[in-house]
Amino acid sequence: MVLGCLLCSFIQAGPLYLAQVKRADVNNKVLQKALAQVKERKDIEVLDNLAVMPFHKRGVLQVTEKLAFCMNCHLPLPHRKNKRNRTFLNMHSLYIACETCHFRPKGIALDYRWLAYSGADAGQVLSPRSSSIRDPSHAVGKNRIVADSVVNDKNGMPKRERKNKIEKRQLLAPLPGARIAPFYDGVPVLLFKEDDFALTTKQVWVDGSEQARAELKAKLHLPLEKAGPACKNCHRKDQPMFDLHRLGATPQRLKAMQNNTIVRFFTRFKKDESRIRLNKLLR
Amino acid sequence: MAGSLHRSVEEGEAVKAGYCLKRLQLIEIFLMTAIYVGFSQIVNSAERHPDPDGCFSCHALEGLDYIDKHGVLRSASIDKKHYYSSLHGSVPCKDCHRKIRNYPHAVENVEVNCAESCHVEEPSEGEPYSHKYVVKEYESSVHGEGWSKGLTGGNRLKEANQAADPSCRYCHSNELYIGEAELPKFKASFDHLDSECGSCHQGEVWLGQFGGHILRRFIGSRWDKNDHNRMCNKCHADHQRMAEVELENAETREKEKAGPRFILASDSYATTLHGRLLETEVMQGASCIDCHAPTGFRHGVLRDENSKASTHADNLAETCAQSGCHGYATHPLNHRFVKTDIHDIDMIPAVNDIAPRDPSRLESSWIKALIALLPIVVVLGIGSLLWHFRGNKKRGVTYAVFGGDAFQEKMIGRKPKAKIKKHTSQNSVVEKQAADNEAHEN
Chain B
0 MVLGCLLCSF
10 IQAGPLYLAQ
20 VKRADVNNKV
30 LQKALAQVKE
40 RKDIEVLDNL
50 AVMPFHKRGV
60 LQVTEKLAFC
70 MNCHLPLPHR
80 KNKRNRTFLN
90 MHSLYIACET
100 CHFRPKGIAL
110 DYRWLAYSGA
120 DAGQVLSPRS
130 SSIRDPSHAV
140 GKNRIVADSV
150 VNDKNGMPKR
160 ERKNKIEKRQ
170 LLAPLPGARI
180 APFYDGVPVL
190 LFKEDDFALT
200 TKQVWVDGSE
210 QARAELKAKL
220 HLPLEKAGPA
230 CKNCHRKDQP
240 MFDLHRLGAT
250 PQRLKAMQNN
260 TIVRFFTRFK
270 KDESRIRLNK
280 LLR
Chain F
0 MAGSLHRSVE
10 EGEAVKAGYC
20 LKRLQLIEIF
30 LMTAIYVGFS
40 QIVNSAERHP
50 DPDGCFSCHA
60 LEGLDYIDKH
70 GVLRSASIDK
80 KHYYSSLHGS
90 VPCKDCHRKI
100 RNYPHAVENV
110 EVNCAESCHV
120 EEPSEGEPYS
130 HKYVVKEYES
140 SVHGEGWSKG
150 LTGGNRLKEA
160 NQAADPSCRY
170 CHSNELYIGE
180 AELPKFKASF
190 DHLDSECGSC
200 HQGEVWLGQF
210 GGHILRRFIG
220 SRWDKNDHNR
230 MCNKCHADHQ
240 RMAEVELENA
250 ETREKEKAGP
260 RFILASDSYA
270 TTLHGRLLET
280 EVMQGASCID
290 CHAPTGFRHG
300 VLRDENSKAS
310 THADNLAETC
320 AQSGCHGYAT
330 HPLNHRFVKT
340 DIHDIDMIPA
350 VNDIAPRDPS
360 RLESSWIKAL
370 IALLPIVVVL
380 GIGSLLWHFR
390 GNKKRGVTYA
400 VFGGDAFQEK
410 MIGRKPKAKI
420 KKHTSQNSVV
430 EKQAADNEAH
440 EN
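Chains B and F are the protein sequences, given in the same order.
Note that numbering that gives the first Met the number 0 has the first sequence beginning at 0, numbered continuously upward.
Note that numbering that gives the first Met the number 0 has the second sequence beginning at 0, numbered continuously upward.
Because the hints were derived from the structure by calculation, they are not lab data.
In this text the structure is predicted, and so the values were computed from the model without any measurement.
Even glycine gets a Cβ: it sits at the ideal position worked out from N, Cα and C.
Check before you lean on any hint, since a few could be wrong.
[Claimed, not checked] Below, a list of computed lysine to aspartate or glutamate pairs in the EDC-like style, where the Cα atoms sit at most 16 Å apart:
{"no.": "1", "chain 1": "F", "residue 1": "Lys393", "chain 2": "F", "residue 2": "Glu362"}
{"no.": "2", "chain 1": "B", "residue 1": "Lys41", "chain 2": "F", "residue 2": "Asp67"}
{"no.": "3", "chain 1": "B", "residue 1": "Lys82", "chain 2": "F", "residue 2": "Glu107"}
{"no.": "4", "chain 1": "B", "residue 1": "Lys254", "chain 2": "B", "residue 2": "Glu272"}
{"no.": "5", "chain 1": "B", "residue 1": "Lys56", "chain 2": "F", "residue 2": "Glu253"}
{"no.": "6", "chain 1": "B", "residue 1": "Lys80", "chain 2": "F", "residue 2": "Asp67"}
{"no.": "7", "chain 1": "F", "residue 1": "Lys68", "chain 2": "B", "residue 2": "Asp242"}
{"no.": "8", "chain 1": "B", "residue 1": "Lys279", "chain 2": "F", "residue 2": "Asp52"}
{"no.": "9", "chain 1": "F", "residue 1": "Lys68", "chain 2": "B", "residue 2": "Glu209"}
{"no.": "10", "chain 1": "B", "residue 1": "Lys41", "chain 2": "B", "residue 2": "Asp242"}
{"no.": "11", "chain 1": "B", "residue 1": "Lys28", "chain 2": "B", "residue 2": "Glu214"}
{"no.": "12", "chain 1": "F", "residue 1": "Lys157", "chain 2": "B", "residue 2": "Asp47"}
{"no.": "13", "chain 1": "B", "residue 1": "Lys56", "chain 2": "F", "residue 2": "Glu179"}
[Unchecked claim] Listed below are several chain F residues computed to face chain B (Cβ distance under 8 Å; list not exhaustive):
{"no.": "14", "residue": "Gly53"}
{"no.": "15", "residue": "Asp78"}
{"no.": "16", "residue": "Thr279"}
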């Protein structure tokens with residue numbers, strides 16, 4: 000593994016992901032599958048502001064200055080297929096980079112840090128929020144912080160909110176829009192939408208033949224994982240994917256993350272299509 | 000010794016009395032505490048817990064968004080603070096989304112029926128609160144084919160593309176009790192802060208919900224007349240949309256495309272005094288529903304032909320006379336008052352993007368007047384032309400052709416203004432010389 004790391008640090012030109020794409024050796028089977036996907040693919044026009052407005056008040060979609068390279072082809076809310084987890088995965092994409100979940104090369108130890116996607120530091124590493132500093136933009140009311148959005152009482156029922164004070168969970172991100180991203184040798188392994196390589200591939204994607212697009216898709220995705228890590232990989236006590244404490248989580252928050260009701264509920268699903276009674280959520 | 004005994008007895012009494020006093024104080028403190036705790040419990044128990052099913056465990060998380068198979072941006076996140084301060088803030092989620100038991104939720108289990116009754120008690124009757132009476136009225140109205148059940152976030156696109164009539168949610172969303180726009184008025188009226196009501200009634204929920212509900216009534220109705228009109232105009236001012244409406248012909252009972260009178264109803268109303276008063280924020284004007292649904296739950300708009308309609312010819316006087324408006328309208332002597340056409344499309348310029356040359360426009364009084372005057376205009380016009388070109392003109396007689404210059408020159412003996420101007424603009428020295436010469440000659 001050490002040798003592997005040494006090797007790739009020599010070969011590597013620019014971010015690790017790019018280096019792996021350049022070395023990607025696409026076989027025929029993968030290419031045929033990509034070709035089928037490219038043929039099948041329909042461009043999607045995102046519809047918002049319909050004449051019939053949503054009944055409940057909507058939040059505002061978060062937009063950052065820098066966008067992931069993946070956005071050249073994928074929608075800003077890329078997860079659509081799996082009814083169970085699509086909303087949760089899209090929510091995580093607000094504070095976790097695509098590559099953190101989808102790029103986990105075997106045998107290479109990556110380091111996870113906060114990366115700024117907006118503001119003067121965009122593209123730079125950020126130090127974690129010190130737990131004593133509170134960002135007023137995240138807090139509501141009397142700036143109180145709750146450990147978890149689900150506060151359960153002894154019987155496992157959600158606790159009545161004290162004095163009806165509505166408390167908002169404080170995100171860990173040290174800056175709005177910042178994401179936990181993989182680093183290798185102190186350098187982010189990922190690309191942004193407006194990087195040179197991204198722009199040239201975009202050209203191929205827009206103007207290229209079906210074959211060229213399929214080749215591109217295959218090459219870009221060879222180093223990627225189709226499904227990201229399971230919920231438990233991050234939301235557990237032993238050997239999580241990254242150390243949330245180092246990323247700025249307070250002990251309470253850490254505990255809430257490690258023992259998250261929703262994650263526990265999710266681990267009950269054995270089959271993809273199954274539905275589970277909601278009262279199990281609170282057990 | 001006796002003395003000392005006595006003293007000690009006395010001391011004992013005093014100490015006893017002291018104890019009693021202390022005990023009284025203790026009891027007092029205890030009682031006070033009990034009352035305080037009890038009271039604060041009462042206040043606390045008055046707080047409701049609108050999320051008994053724990054839906055907010057997930058739905059309060061921000062960013063639970065996705066793009067569905069039709070490309071519609073969907074959101075499962077509910078802003079908790081907004082919800083609690085909204086019109087439905089005290090209604091638990093499952094009162095509307097009744098059948099949700101499993102996750103992922105099956106679409107059919109999410110469907111909302113607005114006529115369902117919820118577990119919130121209507122305080123005066125103690126009956127479960129429900130919109131069913133409103134829905135009943137709405138269903139028997141002209142808009143009654145709109146959707147009032149089966150509503151889900153996912154079928155908004157279908158409704159927008161297919162439904163002609165407005166659904167409940169087309170007009171109503173889950174707004175704040177006190178809207179953002181109303182807040183300054185609310186604050187000015189009450190100088191209302193946490194410190195006033197908040198010393199007993201704690202928390203933002205109280206402020207948003209109860210405080211909002213009660214104080215809202217002081218500021219005035221949640222809707223003003225312009226709000227009503229805006230709501231109607233969302234559809235009725237949209238000519239394209241109105242041109243697609245099919246109405247049942249009262250005689251043949253067949254569906255027909257709506258005519259210009261219907262399509263331009265919003266425009267014609269806007270030209271009336273009623274429309275213009277409201278436009279200038281004078282609330283004496285009548286809004287759309289003041290005439291079309293003046294009573295009941297104000298959802299029962301009916302076609303004019305319907306004998307129950309407030310706008311039916313037989314009911315118009317009553318409608319105009321309502322709530323201190325045109326009281327005299329009901330007097331037999333004033334029966335013609337109600338003949339005033341509130342939707343007179345002749346008030347709208349004929350050059351219109353929709354149905355400008357519709358034959359029904361020929362029935363207008365303006366057209367009738369024009370038709371009556373036209374022969375006279377034509378006869379006089381043709382006569383003048385004929386006389387000008389072929390008329391028998393006598394020598395030496397001056398006929399004013401345009402502007403009567405000749406009349407001025409010949410009859411009054413004065414140079415017409417136009418000619419004077421022309422002269423003065425020429426070289427005045429030459430003119431002066433000519434005048435001098437003339438004087439010399441004379």
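16 Å Cα cutoff - pair Lys80 of chain B, Asp67 of chain F: Between Lys80 of chain B and Asp67 of chain F the Cα gap is close to 9 Å, so the pair holds against 16 Å.
Does Gly53 of chain F hold up as a contact with chain B if the rule is Cβ-Cβ below 8 Å? holds, 4 Å
Given the hinted pair Lys56 of chain B and Glu179 of chain F, is their Cα-Cα distance within 16 Å? Holds, at about 13 Å.
Decide if the proposed pair is consistent with the structure: Lys41 of chain B and Asp67 of chain F, CA atoms, cutoff 16 Å inclusive. holds, 14 Å
Pair hint Lys157 of chain F and Asp47 of chain B, alpha-carbon separation not exceeding 16 Å: Holds: Lys157 of chain F and Asp47 of chain B sit about 14 Å apart, inside 16 Å.
16 Å limit on alpha-carbon distance, applied to hinted pair Lys68 of chain F and Glu209 of chain B: Judged against 16 Å, a Cα distance of about 24 Å means the pair is violated.
Would the hint on Asp78 of chain F stand, with a C-beta cut-off of 8 Å toward chain B? holds, 5 Å
Given the hint that Lys68 of chain F pairs with Asp242 of chain B, test it: the Cα-Cα distance must not exceed 16 Å. Not satisfied, since the Cα-Cα distance of roughly 36 Å exceeds 16 Å.
Hinted pair, alpha-carbon criterion (16 Å max): Lys393 of chain F, Glu362 of chain F. Please report holds or violated. violated, 47 Å
Has the given pair, Lys279 of chain B with Asp52 of chain F, been kept, meaning a C-alpha gap of at most 16 Å? Roughly 12 Å between the alpha carbons, so the hint for Lys279 of chain B and Asp52 of chain F holds.
Agreement of Lys28 of chain B and Glu214 of chain B with the hint, judged by alpha carbon distance not exceeding 16 Å: holds, 12 Å
Does Thr279 of chain F meet its interface restraint, that is, does its C-beta lie within less than 8 Å of any C-beta in chain B? Constraint on Thr279 of chain F not satisfied, violated at 29 Å.
Going through the hint list in order, the structure does not satisfy hints 1, 4, 5, 7, 9, 10 and 16.
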